[in-house]
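We have chain A; now place chains B and C with the ligands onto it with these hints.
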Amino acid sequence: MKKVFAWVDKNFEPVLMTVLFYSMTILVTLQVVLRFVFNSGFSWGEEVSRFIFVWLMYFSISYTTRNHRHIKVSFLVNKFNEKVQKIIMLIVDFLFLIFSSVIFISAIKICQSVIEYNDRAVTIDVSMNIIYGAGFIGFALMIIRLIQGILWKFKNFSRSLEYFENYTGIYTGAKEICFMPREKEVK
Amino acid sequence: SQETDGKETTSAKKIEINIGHESNVQTPCHKALLEFEKSVEEKSDGRIDIKIFPASQLGKAMDMMEQVRRGDIQMSLGATTLFTQTIPEFAVWDSFYLFDDEAHAHRVLDGKAGKELLKPLEPMGLTGLGYMEIGFRNFSNSKQPIKTAEDVQGIKIRGYNPIQIKAWEAAGATLTNLSWTEVFTSLQQNLIDGQECATTSFYTAKFYEAQKYWSLTKHIYTNYLWYANTKFMDSLSDEDRGLIEEEIEAAIKLERDLMKKQEEETLAQLPDLGIEVNEVPLEERKKMAELMNAAVKEDIISKCGQEIYNMVMKEVEAERK
Amino acid sequence: MTVTLLFGSFIFFLILSVPIAIAIGLASILTIFVVQPISIECFTQTMIQGLNSFPLMAVPLFTFAGDIMGRGGISKRLLNVAAVFFGRWTGGLGVVSIVTCLFFAAISGTGSATVAAIGVIMIPAMLAKNYNKSFAGALVATAGTVGTIIPPSICMVIYAVSAGVSVTGMFTAGIGPGLLVGLALIIYSIIYSIKHGYKGDDRRYTFKEIVSIFIDAIPALLVPVIILGGIYGGLFTPTEAAAVACVYGIFVSVFIYKEVKISELPFIGFNACLLCAAVLVIIGISSGFGRILTITQVPITIANFILSITSNKILILLLINILLLLVGTFMETNAAIIILVPILLPVVTSLGMNPIQFGLVMVLNLAIGFITPPLGANLFMACQISDIKFDDLAKAIMPWIVVMIIVLLLVTFIPEITLTLPRILNIPV
Ligand code: NA
Ligand code: NA
Chain A
36 MKKVFAWVDK NFEPVLMTVL FYSMTILVTL QVVLRFVFNS GFSWGEEVSR
86 FIFVWLMYFS ISYTTRNHRH IKVSFLVNKF NEKVQKIIML IVDFLFLIFS
136 SVIFISAIKI CQSVIEYNDR AVTIDVSMNI IYGAGFIGFA LMIIRLIQGI
186 LWKFKNFSRS LEYFENYTGI YTGAKEICFM PREKEVK
Chain B
946 SQETDGKETT SAKKIEINIG HESNVQTPCH KALLEFEKSV EEKSDGRIDI
996 KIFPASQLGK AMDMMEQVRR GDIQMSLGAT TLFTQTIPEF AVWDSFYLFD
1046 DEAHAHRVLD GKAGKELLKP LEPMGLTGLG YMEIGFRNFS NSKQPIKTAE
1096 DVQGIKIRGY NPIQIKAWEA AGATLTNLSW TEVFTSLQQN LIDGQECATT
1146 SFYTAKFYEA QKYWSLTKHI YTNYLWYANT KFMDSLSDED RGLIEEEIEA
1196 AIKLERDLMK KQEEETLAQL PDLGIEVNEV PLEERKKMAE LMNAAVKEDI
1246 ISKCGQEIYN MVMKEVEAER K
Chain C
178 MTVTLLFGSF IFFLILSVPI AIAIGLASIL TIFVVQPISI ECFTQTMIQG
228 LNSFPLMAVP LFTFAGDIMG RGGISKRLLN VAAVFFGRWT GGLGVVSIVT
278 CLFFAAISGT GSATVAAIGV IMIPAMLAKN YNKSFAGALV ATAGTVGTII
328 PPSICMVIYA VSAGVSVTGM FTAGIGPGLL VGLALIIYSI IYSIKHGYKG
378 DDRRYTFKEI VSIFIDAIPA LLVPVIILGG IYGGLFTPTE AAAVACVYGI
428 FVSVFIYKEV KISELPFIGF NACLLCAAVL VIIGISSGFG RILTITQVPI
478 TIANFILSIT SNKILILLLI NILLLLVGTF METNAAIIIL VPILLPVVTS
528 LGMNPIQFGL VMVLNLAIGF ITPPLGANLF MACQISDIKF DDLAKAIMPW
578 IVVMIIVLLL VTFIPEITLT LPRILNIPV
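If you read the sequences in order, they're chains A, B and C.
Quick note: the first sequence uses this note's numbering, first residue 36, plus one each step.
Quick note: the second sequence uses this note's numbering, first residue 946, plus one each step.
Quick note: the third sequence uses this note's numbering, first residue 178, plus one each step.
Incorrect hints may have been included.
Calculated pairs, DSSO-like style, for lysine-lysine (alpha carbon to alpha carbon, straight line, at most 30 Å) [stated by the list, open to error]: (1) A:Lys38 x C:Lys490; (2) B:Lys1064 x B:Lys1176; (3) A:Lys144 x B:Lys1064; (4) C:Lys490 x A:Lys210; (5) B:Lys1060 x B:Lys988; (6) B:Lys1176 x B:Lys988; (7) C:Lys572 x A:Lys114; (8) B:Lys1064 x B:Lys1151; (9) B:Lys976 x B:Lys1242; (10) A:Lys121 x C:Lys566; (11) C:Lys572 x A:Lys210; (12) B:Lys1198 x B:Lys1259; (13) B:Lys1005 x A:Lys144; (14) B:Lys1242 x B:Lys1060; (15) A:Lys210 x C:Lys566; (16) B:Lys1157 x B:Lys1176; (17) B:Lys996 x A:Lys144; (18) B:Lys1151 x C:Lys490; (19) B:Lys1176 x A:Lys144.
Which bits of chain C does chain B cover? Going by a derived footprint, with three or more residues having C-beta under 8 Å, they are [unchecked claim]: (20) 211–224; (21) 410–416; (22) 471–477.
Simulated from the structure, these hints should not be mistaken for lab results.
This structure is a prediction, so every number in the text was calculated from the model and none was measured.
All residues carry an ideal CB built from backbone N, CA and C; glycine is no exception.
Next up, chain A with everything else stripped away, as it sits in the complex (with noise of 0.2 Å):
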């Protein structure tokens, strides 16, 4: 059971990204393909596409925030000594919790009122969830993911800035997904 919990930490987003990334390549590849030999395509290509792309985006970010890459100004919070880095570094956590929580209590309000007025997408007919639920989704597997961090950083505290602060979540599986090639060096 833990291992299949490990398994799904380290390759949930990624296997959907992956396939996700692909759809939406072969989609607009196909569509271009239609136009030229056929003279013709899907009316909903364009749409699909496009809600593929922002639940690709979600995952994507989720992901994201599982190691840590997100852009962030560090240099002048680098000069403190690290005991207080890492004391910020938590509270930058919590704050990206409470932004998290607030967005995903006013997506899930969203997605209510898309039900409770039926408003749907344009070319298919599919309720408009098939988008506010990428962020609804999304957001809540940002909390997971933040949790996640933030208990790491409390059972690490007294580890290695670096062990504690966990960059491109090196130490917490980054480079053991399922379809990584072995051999070559990864950026």
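Quick look at chains B and C with the ligands alone, frame taken from chain A:
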């Protein structure tokens, strides 16, 4: 002191109306809204403060509807055809060749049919205020002037709504789904041969730079629904509400006049810009109407319901002159 | 009040090293709770819809295309071709590096990818010929900036989306300034090489060698033809071009040059998305932030304020350039574009500047930001791929920054550099 007290009471009573819409600042719609802003603010002695956000600054038509529903903004405008996914009753206006001319359209929209079709807004907490207009849509392309129903065949145009796509496919055109902002470049790059829109849009969006023929097919009339948040409207005093409704009526009339003028000016200007303009004979337009309506009638009825469909058709006939 | 709260808290969170995206988000929800310009749902709705955009899809697609072509041996072939032409010039290796960067820029969407792809090969090659180490690093780091100036360019996509202008228009307008940067860098590099006695390569190519180098490079040389030709020729939109480039990149790297294995593809796709997510989350959250700005009419207020100080066009443009250079020095480029476009665009358009020309001014400024210490993506990349010390590179880069600033001023004050090509190609700007 008294002075600050006075300020506080006026600021406490101040009413803010934010209006969002998709049209750009050169359109009659925006100009009429500016007039609306000016006269409401003047006549209320500045108690009512109006801000207008044009050109999709606050998002697409559907996003703005959600904002008005929630009360983020108080009013918005949008073509009913953009709301048919959420308010299927509006699909009835997607029928082709409903109106003979603008006056006919105004009589129907300002009359019983138009008023009945504001009712579906109510359960959403929205109040319909009236209809401005985008106008009759015509057909532009770079291949040949459209003079008969057959001339549309094989021309690649922009699709933007399932019913519109189905109707033009029935007429023999090929459709590519494109958002409004992509149309210009797509025309320029021959990704599509043509598109259909209102005359003033054809001009303000500069489509004439990428097209040769502007055929006055007048196949569909696009309204511009003006609606507000119901709670906001109900919060107004009778006096303020009266003022606003009066000015809305004036603004709609002004917009329609400006539109007429701008359309005439544009049509006169297009030949100088290298565009060949042609009328389409009434019998050919009727032929196209039959062809296209046959393709989408069932879809429209299944969306708006037989009752509304019959009511609107009856009103349309009654107001025909 | 709103402005102070919004920007004050944003800067506070930034200094606290909150991720930029979240700093924007926290400042926004704080403002919403205090001032209530819009509801929190409106913010969230706008934020989610912010990513629901077809042009933005080009960002991960171009990232993937650049990455796979870098891994797939395309940069190597481009270098071989450039060496045939420029190898024998004084400072030949430097010129070859710059020219190859110009070519690779027409494939890659970012600056750092360009530095990585070209630097890995050229920095060691220059060191072998006794070029000064930090000169070599600075040259490649600077030449890499054309990756964002010459289309395709992710910065341009992001600008186009923020400013509401056409991506194709930006892509066309970027070629002039991109080539100008290339030319300026070549001139500086030759001057420096003459001073330091860097001779060209003695190697002479037989006709047969030249032919075989070209044939080997055809699939690589075709990439810009397909991408840019396709966009300008009206065959596809920039986003579609990006997808086609991905498929073509896979085809060339896996089946023709055979330097990428099929089993590596899932990871490369995943990696491209992961790299972009950090930028796209900023775009999404900034849409919500932008909505607050719009409804409280902050951009117009700031624009009027600036114009009330001076309406001298040259002065304002200089001030904006200084502001952008400062921002580019400390902040991530794409984030800077997203935050500043709604504020600065009304100022310059009221001065009669074309939004697309301003886009190029902005992209150039921020491209310079890639090579300004302390925060410069291209500098980091150049250090990572060679063993140059960051401090040495930070010193050696200074004259290159000066060259770039000269080009920037030319582009700012001579609209023809950006707008001539779009006009010739009849592309709307
Ligand atoms: Na590029
Ligand atoms: Na920098």
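Checked hints:
1. A:Lys38 x C:Lys490: Given that 30 Å is the threshold and the Cα spacing comes to 64 Å, the pair is violated.
2. B:Lys1064 x B:Lys1176: holds (15 Å)
3. A:Lys144 x B:Lys1064: holds (25 Å)
4. C:Lys490 x A:Lys210: violated (52 Å)
5. B:Lys1060 x B:Lys988: With a Cα-Cα distance of about 27 Å, the restraint between Lys1060 of chain B and Lys988 of chain B holds, given a limit of 30 Å.
6. B:Lys1176 x B:Lys988: holds (23 Å)
7. C:Lys572 x A:Lys114: Cα-Cα ~22 Å, so holds.
8. B:Lys1064 x B:Lys1151: violated (36 Å)
9. B:Lys976 x B:Lys1242: Roughly 36 Å between the alpha carbons, so the hint for Lys976 of chain B and Lys1242 of chain B is violated.
10. A:Lys121 x C:Lys566: Holds: Lys121 of chain A and Lys566 of chain C sit about 27 Å apart, inside 30 Å.
11. C:Lys572 x A:Lys210: Violated, because 35 Å separates the two Cα atoms, which is more than 30 Å.
12. B:Lys1198 x B:Lys1259: Holds: Lys1198 of chain B and Lys1259 of chain B sit about 25 Å apart, inside 30 Å.
13. B:Lys1005 x A:Lys144: holds (20 Å)
14. B:Lys1242 x B:Lys1060: holds (22 Å)
15. A:Lys210 x C:Lys566: OK: Lys210 of chain A and Lys566 of chain C at ~27 Å, within 30 Å.
16. B:Lys1157 x B:Lys1176: violated (49 Å)
17. B:Lys996 x A:Lys144: Judged against 30 Å, a Cα distance of about 27 Å means the pair holds.
18. B:Lys1151 x C:Lys490: Measuring from Cα to Cα gives roughly 28 Å; hence the hint holds.
19. B:Lys1176 x A:Lys144: holds (19 Å)
20. 211–224: holds (count 6)
21. 410–416: holds (count 5)
22. 471–477: holds (count 3)
In terms of the numbered hints stated before, the structure departs from hints 1, 4, 8, 9, 11 and 16, listed from lowest to highest.
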